[in-house]
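*Asks:* Letter by letter, the chains look like this.
2 protein chains.
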Amino acid sequence: MRKGEISKAVIRRLPRYYRYLGELLQNGVVRISSKELSERMKVTASQIRQDLNNFGGFGQQGYGYNVEYLHEEIGKILGLDVTHNMIIIGAGNLGQALANYNFEKVGFHLIGIFDINPRFEGVSVRGIAIQMLDTLEDFLSEHKVDVVTLTVPKRPAVDLAHHLVDLGIKAIWNFAPTDLNLSEDVCVKNVHLNESLMTLSYEYRAKHSGEARDE
Amino acid sequence: MRKGEISKAVIRRLPRYYRYLGELLQNGVVRISSKELSERMKVTASQIRQDLNNFGGFGQQGYGYNVEYLHEEIGKILGLDVTHNMIIIGAGNLGQALANYNFEKVGFHLIGIFDINPRFEGVSVRGIAIQMLDTLEDFLSEHKVDVVTLTVPKRPAVDLAHHLVDLGIKAIWNFAPTDLNLSEDVCVKNVHLNESLMTLSYEYRAKHSGEARDE
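Protein chains in written order, with the working numbering: chain G, 1 to 215; chain L, 1 to 215.
Check before you lean on any hint, since a few could be wrong.
One copy or two, it doesn't matter: identical chains are merged, so the pair holds either way.
Keeping only pairs whose Cα atoms sit at most 20 Å apart, straight-line, the calculated SDA-like set for lysine to any residue is [said to hold, decoys possible]: (1) Lys8 - Asn194; (2) Lys189 - Pro177; (3) Lys207 - Ile169; (4) Lys8 - Tyr69; (5) Lys35 - Asp179.
No wet-lab data here; the hints were simulated from the structure.
Work out the full structure: start from the sequences and follow the hints.
*Replies:* This is the structure we're talking about:
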């Protein structure tokens, strides 16, 4: 890791800084103190300073942060100054929904959609024709693909992920409800929707157990 | 909070335990030691014991865990033994993709889909007719809704969320790329897809910066 020992918790918070700074920028704000930023983001000013100090700090005592500069620098830390080519494997509802998302604005450029189901042959999403999965190897030999979004069911996901790694893929955005267990040098980010709902369910019970329905 | 001081990190791990135990159960495994479970889940046995001890512990020294019992108990902790009625507001691609998901198996029962766009009038997803948002208040007065899934754009999301809270909603699963800033007694679980991709982008750069393309 080039950046040394930055904790995952800090990394998880960076996109939120990026989002708030982007909004400030849109609203024409040039400079902001950690106190003002802290009030907007509802985190302590000291957490903001600590988080940003992981990357060398970006503020001058008494002057606050230059919004445009900080936005750009956090973008660089997040790797958003580089365009990543992405494909989606799994053209079901979720895959198609993601294909329609505008991930280009965070530097992810969708260049292909794949599925095994022949009913998708000839179907296009945002101008990108869904291709059959058996053409993937040829596609990968002709195109540089940085990230694969995996929106396939649990059962094929693990084997498919290992196959992708054999084909040279180094990053997977995984929506399949399973761990992929790939080698350490492969980046995997899981989005487990079921599990997100379960934590909401936990919190709901914890906060409102007294009001539970008895039907 | 009924359960006292359980940390968010533990809560975030519970659904993964639930998933692994569910798979073991399906495979007919009756009993498992923390060591075996640890090898499967790739976390330390001591973390498993610590996590489960937050809820009183479920194992007997030397006997391991009863898989079915532990699965059921974690399910209860997560509130999965209660059915939650859910509606989706925002019938775009993502909203429809989520409507097609089978969240019933974790206890979330979809009873309505809403949008403001008249082009959805008469459209059904999984047998549920998309309704116009101006009928929401009537709907809420006739149906108990526990959770609202919010798949609307950023701009209307915050006002809409506050309106939902005024109407008595206590839990929101938020896919809009914004913080909702609701009162403390409302449960909000954010799924910020852009930000998930950004952390993948960060990790990719950290691991593969030496191999960056120079096109």
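*Asks:* With identical chains, the pair lysine 8 and asparagine 194 could be close in the same copy or across copies; at 20 Å between alpha carbons, which is it: within, between, both, or neither?
*Replies:* Classified as between; 17 Å across copies, 22 Å inside a copy.
*Asks:* Given identical chains, is lysine 207 near isoleucine 169, meaning Cα to Cα at most 20 Å, within a copy, between copies, both, or neither?
*Replies:* Cα proximity of lysine 207 and isoleucine 169: across copies only (13 Å, versus 43 Å in one copy).
*Asks:* Can you give me the call for lysine 8 and tyrosine 69, within, between, both or neither, at a CA distance of at most 20 Å?
*Replies:* Cα proximity of lysine 8 and tyrosine 69: none, with 23 Å in one copy and 33 Å across.
*Asks:* Could you place lysine 35 and aspartate 179 in one of the four classes (within, between, both, neither) given a Cα distance threshold of 20 Å?
*Replies:* Classified as between; 19 Å across copies, 40 Å inside a copy.
*Asks:* Given identical chains, is lysine 189 near proline 177, meaning Cα to Cα at most 20 Å, within a copy, between copies, both, or neither?
*Replies:* Both, since 12 Å and 18 Å are each at most 20 Å.
This entry does not satisfy hint 4, going by the numbered hints stated previously; all others are met.
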